[in-house]
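One line per chain: the protein sequences are A and B, in this order.
With my numbering applied, the first sequence corresponds to residues 1 to 559, in that order.
With my numbering applied, the second sequence corresponds to residues 1 to 578, in that order.
Hint data in this document are derived by calculation from the structure and do not stem from the laboratory.
Glycine included, each C-beta is placed from N, C-alpha and C at the ideal position.
There may be inaccurate statements among the hints.
[Claimed, not checked] Derived list of chain A stretches under chain B, where covered just means 3 residues or more per stretch with a C-beta under 8 Å from a C-beta of chain B:
hint, region
1, 90-104
2, 114-125
[Claimed, not checked] Derived BS3-like pairs: lysine-lysine, alpha-carbon spacing no greater than 27 Å straight-line:
hint, chain 1, residue 1, chain 2, residue 2
3, B, Lys289, A, Lys56
4, B, Lys150, A, Lys543
5, A, Lys543, B, Lys140
6, A, Lys543, B, Lys52
7, B, Lys140, A, Lys291
8, A, Lys142, B, Lys286
9, B, Lys480, B, Lys447
10, B, Lys183, A, Lys191
11, B, Lys140, A, Lys292
12, A, Lys142, B, Lys288
13, B, Lys443, B, Lys427
14, B, Lys202, A, Lys44
15, A, Lys434, A, Lys450
16, B, Lys202, A, Lys51
17, A, Lys56, B, Lys288
18, B, Lys183, A, Lys193
19, B, Lys335, B, Lys397
20, A, Lys56, B, Lys202
21, B, Lys480, B, Lys276
22, A, Lys543, B, Lys141
23, A, Lys142, B, Lys546
24, B, Lys377, B, Lys335
25, B, Lys289, A, Lys142
26, B, Lys202, A, Lys142
27, A, Lys291, B, Lys141
28, B, Lys344, B, Lys444
[To be verified] To give a feel for the contact side, a few chain B residues facing chain A, derived at Cβ under 8 Å:
hint, residue
29, Thr75
30, Asn76
31, Met80
32, Gly81
33, Trp132
34, Val556
35, Leu557
36, Gly561
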Amino acid sequence: MKRLISIALLLALSIVAFAADDKPAPAPATAGVSSNDHGDAVLKAMLAELKRSQDKLQLGQMQRPYYIDYQVTEIQDNIADATLGALRTEQVNNGRIVRVVVRIGDYKQDSYFGEGMGAVEAMPSDNDEIVLRRQLWLATDKAYKSALSGFTQKQAALKNVETESDLADFSEEKSSQSVHDVAKLNADLDKWKQTLRATSDLFRGDPNIEMSSAMLNFRVLNRYYVNTEGTVTRSGKTIYSLLFSGADQADDGMHIERSHGWVVVKPDELPKQDEINKEAKELINTFEVLKKAPLVEDDYRGPVLFSADAATSLFERLIVPNILGVRPDLGNPARTNGEFASYFKARVLPENFTVVDDPKAKEIDGQTLAGSYDVDDEGVEAQKVTVIDKGMLTNFLLGREPIRDFPHSNGHGRTALAGAPRPQISNLIFKADKGIPFDELKQKLIQMCKDQGRPYGYYVETTGAQLSPRLLWRVYVNDGHMELVRGAVFKQLDTRALRSDIVATGNDNYVYNRAEPLPSSIVGPSLLFGELEIQRANRTREKLPQYPAPALGTEKASN
Amino acid sequence: MSFFKSLFLSVLLSLFSSSALLAQATPEGQNDPVLLQTLQHELGRAMTSLSKADPAPYFISYSGNEEYNSVIVGTNGALMGSINRHDRTVDVSVRVGSRDLDNTHGENRFNAVTTASLPLEDRPDAISRVLWINTDRMYKKAVQGFLEIKTNTKVRAEEEDSSPDFSTEKPQIFIGKASTPPKFDQHEWEGRIRRLSAIFNKYPDIETSNVVLVVTDATRYFVSSEGSKLVDSRPLIRVLALGSTRSNDGMELARSETFDAATFDKLASEQEMASKIEKIAQDLQKLKKAPVVEPFNGPALLSGRAAAVFFHEVVGHRLEGQRQRGENEGQTFTKMVGQPVLPKFLSVEDDPTLVSLGGVELSGNYDYDEEGEKSRKVELISNGILKQFLMSRMPIKGFEQSNGHGRGQSGLMPVGRQGNLIVRSSKSVPDSQLRQELINEIKKQKKPFGLYFEDIAGGFTLTMRDMPQAFQVMPLMVWKVFPDGRPDQLVRGVNIIGTPLNALNRIVLTGQKQEVFNGECGAESGSVPVAAAAPAMLFSEIEVEKVQQGHERPPVLPPPGVEKAEVASQSNVKPEGR
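My request is simple: use the sequences and hints to build the entire structure.
Below is the structure:
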């Protein structure tokens with residue numbers, strides 16, 4: 001039925017196109033397809049099929065494409081997982097996929113809407129030119145036909161809504177040529193599997209822990225991109241993730257989860273076994289402490305200190321989604337989808353904060369950043385963007401879909417696999433003037449609590465899902481000793497709190513590298529909030545296991 | 001409470017007796033594989049520990065599945081990719097309540113199993129940990145489910161079929177050989193898949209095609225609290241070829257061919273595969289140009305292969321035990337036991353014990369089903385009279401026991417499914433005469449033509465009550481046969497209409513040679529390998545109409561690489577530079 005309708009729409013469209021336009025179909029963009037395949041078989045096939053499609057693709061008398069792009073993503077995930085010294089998962093997942101976008105209409109108003117947002121097809125792993133082109137041909141045909149439907153859908157939708165601004169659908173940008181080597185896995189997987197066995201074996205140290213594992217994902221991501229504006233890019237990236245985790249329940253049934261991980265771009269930045277052992281043992285030891293830790297019972301409203309690690313999680317949740325220049329749905333007059341839609345040139349952080357997203361930054365404090373690139377996934381050269389200047393929102397991260405007051409991309413259109421590119425962070429760096437050493441921040445916390453007549457303040461070391469604190473400490477004012485507590489949540493920890501309640505910042509940096517949703521980094525200092533609310537978490541507590549866990553043998557020195 | 005206590009006692013008693021049996025059969029079990037020993041040990045611990053709980057489980061089973069998979073996918077002479085995997089999973093099944101009413105009752109049946117990944121390496125305590133936490137979770141889920149069911153059955157009206165939820169069966173013990181990772185030359189096979197998939201290059205009208213090799217070596221380690229203990233392995237090698245295209249009016253056309261075997265030496269030769277792939281490619285090319293069928297009601301001949309698929313879909317699925325009991329099932333055959341459902345000369349059996357038929361290996365062969373019951377031959381329809389159903393351990397009215405057809409894929413609750421469905425006939429003529437019989441029938445009915453169904457694809461069988469009682473089979477290759485000696489004419493877009501019972505009673509005659517169709521069957525318990533075998537069949541009447549589907553036009557441009565030859569024939573492409 002849906003198909004019938006779209007066919008009917010298609011026919012209607014072709015009639016409209018005839019009636020409205022006596023001129024011949026618009027000529028393809030003048031820039032044209034590049035002829036330089038850089039000696040690469042994949043690029044060669046892509047350029048050949050792109051050229052053929054640009055020159056010849058037309059259904060009956062309907063509109064020809066004004067723009068086409070091909071993005072080929074090659075992904076290899078090496079995944080392994082071990083529990084209690086035994087390997088549980090070992091997988092290598094390879095894939096090569098293409099996403100084709102065909103646009104009809106023009107930059108001002110086109111078909112990138114509804115069905116018309118591209119087509120995806122599997123690509124051969126063999127570099128056989130004709131077969132590569134075959135899959136591109138199928139995807140291009142699908143994308144072209146969906147573009148025709150998308151254009152009709154868009155015209156129909158426009159009839160039902162008022163559009164305030166006169167924004168173009170697709171920004172015109174300079175073409176790029178940026179061809180880098182493809183990436184290869186550069187790690188000894190067998191050695192790392194052995195590390196997983198050894199690390200997961202350490203969890204025998206606390207036989208009460210219900211579940212535990214050590215896992216890795218070593219990802220290789222290569223990308224080929226060409227468009228009819230003359231852009232040709234190729235890039236390669238590796239992301240090495242290593243993580244161990246455990247889960248247990250306190251006597252009252254409360255779930256206790258802990259994890260520790262590393263995400264690095266270069267294999268030599270992965271931790272050595274000594275470091276892993278140290279971290280794992282520390283983490284394992286916290287289970288016993290956490291299970292016995294007192295529950296947070298009463299509401300607390302007062303000073304709270306966030307480690308730089310916890311602060312980056314805060315920024316990830318409260319700042320990142322709001323600085324992306326994502327255009328709202330048709331007819332919605334807002335500037336963006338995020339909470340900062342109406343905060344342009346307004347203050348969103350304290351005045352001592354400047355936030356820069358810098359895809360060209362390579363490292364900070366000797367640590368390689370995960371979000372670096374030259375050209376984004378829409379073929380636009382990466383730009384350093386000052387998003388927040390002295391606490392004021394001055395810019396958004398933008399792809400090629402303009403938003404009000406921002407007609408051009410700043411090179412932040414990115415996609416993880418074969419999804420549509422959208423604005424994303426690269427390396428988002430939070431810098432604060434007047435930062436002080438962490439110890440001084442802690443002293444300040446104690447002093448504030450003392451002044452307010454409190455026995456203790458709170459220090460958040462790490463957070464879990466939805467910013468629930470995982471390691472939350474009471475810092476006692478009398479002698480500065482710390483006590484781990486559990487069962488707490490923040491109340492009203494929101495963008496307003498970030499704007500108004502930060503009273504001091506550290507001069508430290510935590511580099512939070514992410515592999516998901518795509519390679520990126522968030523860098524920030526520790527934060528002291530003058531006032532935050534902490535209260536008891538009212539989550540349902542599951543019953544403890546009905547019968548005791550099976551006995552564990554002793555830790556075996558694997559290798 | 002007293003209800004539970006008596007229940008508890010009876011469960012306990014049956015448990016003791018079965019474990020005594022087990023002890024006799026294998027004194028120590030020390031030579032068992034480590035995984036089996038570990039499953040057994042942890043199962044015992046769970047049963048003992050949970051016997052003190054309220055409600056206590058009366059049945060627990062662990063079904064460990066160790067699987068090595070290799071897949072090579074090719075298209076048009078190039079590899080799309082290959083996968084090599086090794087997985088070890090366990091299905092944990094826990095039943096609380098009693099055999100009469102337990103947590104698997106009704107709709108809740110599919111919540112009565114939980115699946116977890118097990119360590120690939122034989123460290124018993126690491127494996128036990130995973131078993132323990134998942135058994136505990138499954139137990140809690142079972143208790144919750146059971147309490148809900150008890151409340152619901154009190155509230156609801158009496159059910160039509162008040163059979164128990166779980167049959168009583170004798171425990172089975174069989175320690176077979178565990179399978180090892182498949183041994184084959186990956187490189188050589190990659191070359192072969194490239195060559196076979198390249199056959200489609202000769203047919204530029206075919207839009208998409210794949211040739212796939214799947215090698216699966218799976219070993220199942222099964223233990224139950226009733227004392228069953230099984231190790232068996234099921235190797236399957238399959239080459240699958242698929243091609244599809246669209247006619248100019250947008251009708252989707254597809255053909256496929258499978259080659260199954262348990263060992264590489266039994267697999268069809270490359271040459272044999274190549275010629276069959278060549279055939280489906282040619283079929284597609286012919287289909288693309290074939291005219292659309294017009295509505296027709298008259299005599300038809302089904303090839304053995306088409307008849308096999310037809311019986312699998314139309315008869316086999318409706319004979320699955322659980323279809324006779326579910327509130328939402330059509331229950332076509334439920335009340336027809338002992339009554340004629342087919343012409344007298346036809347008999348249908350399902351025989352999973354059969355390894356091959358007429359030299360062809362059968363994919364529905366297995367020794368024990370997924371509930372650990374020994375497979376056996378089941379006479380379903382004898383001389384046209386319905387005798388029994390395909391039974392798992394879920395009883396139905398009049399059929400209290402499993403007959404070894406509880407099948408399903410890992411992670412899903414088994415239900416009654418087909419294995420090797422075999423149709424036999426006592427009214428047959430040599431296959432060479434069938435065509436003449438069809439022509440005679442056409443003449444007798446004074447029809448302008450009859451139909452020859454060369455190939456049919458199976459679809460989803462609609463047996464739910466709120467759907468029409470029509471069977472869903474997709475004829476792929478159908479020919480018009482003329483009584484005056486004109487050559488047969490291929491038609492496309494054929495859709496069979498009518499109800500199954502009616503169609504089945506219009507079979508008038510069969511051929512003698514049984515053709516085998518090996519394939520994969522999907523239903524609520526997942527995908528299982530099956531076979532169906534039947535002779536060619538003459539129907540006095542089959543009603544067909546034009547299929548309603550597909551309006552996407554074929555690609556605008558010709559495929560890359562064949563452009564020059566094709567430009568002229570593509571009316572919607574403007575000739576360039578001329």
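Here's how the hints hold up against the structure:
1. 90-104: holds (count 7)
2. 114-125: The restraint on the region 114-125 of chain A holds, since 4 of its residues have a Cβ under 8 Å from chain B and three suffice.
3. B:Lys289 with A:Lys56: 25 Å, holds
4. B:Lys150 with A:Lys543: With Cα atoms ~22 Å apart, Lys150 of chain B and Lys543 of chain A stay inside 27 Å; holds.
5. A:Lys543 with B:Lys140: 9 Å, holds
6. A:Lys543 with B:Lys52: 16 Å, holds
7. B:Lys140 with A:Lys291: It holds: about 23 Å lies between the C-alpha atoms, which stays within 27 Å.
8. A:Lys142 with B:Lys286: At roughly 24 Å apart (the allowed maximum being 27 Å), Lys286 of chain B and Lys142 of chain A satisfy the hint.
9. B:Lys480 with B:Lys447: Distance of about 11 Å is within 27 Å: holds.
10. B:Lys183 with A:Lys191: Judged against 27 Å, a Cα distance of about 25 Å means the pair holds.
11. B:Lys140 with A:Lys292: Distance ~26 Å between Lys140 of chain B and Lys292 of chain A Cα, so the pair holds.
12. A:Lys142 with B:Lys288: Holds - the C-alpha atoms of Lys288 of chain B and Lys142 of chain A are around 20 Å apart, at most 27 Å.
13. B:Lys443 with B:Lys427: Since the Cα atoms of Lys443 of chain B and Lys427 of chain B sit roughly 21 Å apart, the hinted pair holds (cutoff 27 Å).
14. B:Lys202 with A:Lys44: OK: Lys202 of chain B and Lys44 of chain A at ~23 Å, within 27 Å.
15. A:Lys434 with A:Lys450: OK: Lys434 of chain A and Lys450 of chain A at ~23 Å, within 27 Å.
16. B:Lys202 with A:Lys51: 25 Å, holds
17. A:Lys56 with B:Lys288: Roughly 24 Å separates the two Cα atoms, so the pair holds.
18. B:Lys183 with A:Lys193: 24 Å, holds
19. B:Lys335 with B:Lys397: Given pair Lys335 of chain B, Lys397 of chain B holds - Cα atoms ~10 Å apart, limit 27 Å.
20. A:Lys56 with B:Lys202: 24 Å, holds
21. B:Lys480 with B:Lys276: Holds, because 22 Å separates the two Cα atoms, which is no more than 27 Å.
22. A:Lys543 with B:Lys141: Answer holds: Lys543 of chain A to Lys141 of chain B is near 12 Å, not above 27 Å.
23. A:Lys142 with B:Lys546: 26 Å, holds
24. B:Lys377 with B:Lys335: Holds - the C-alpha atoms of Lys335 of chain B and Lys377 of chain B are around 22 Å apart, at most 27 Å.
25. B:Lys289 with A:Lys142: At roughly 22 Å apart (the allowed maximum being 27 Å), Lys142 of chain A and Lys289 of chain B satisfy the hint.
26. B:Lys202 with A:Lys142: Status holds; Cα separation ~23 Å.
27. A:Lys291 with B:Lys141: Answer holds: Lys291 of chain A to Lys141 of chain B is near 25 Å, not above 27 Å.
28. B:Lys344 with B:Lys444: 23 Å, holds
29. Thr75: 6 Å, holds
30. Asn76: Interface hint status for Asn76 of chain B: holds (5 Å vs cutoff 8 Å).
31. Met80: Holds, because the Cβ-Cβ distance from Met80 of chain B to chain A comes to roughly 5 Å (cut-off 8 Å).
32. Gly81: 5 Å, holds
33. Trp132: 5 Å, holds
34. Val556: 5 Å, holds
35. Leu557: 6 Å, holds
36. Gly561: 5 Å, holds
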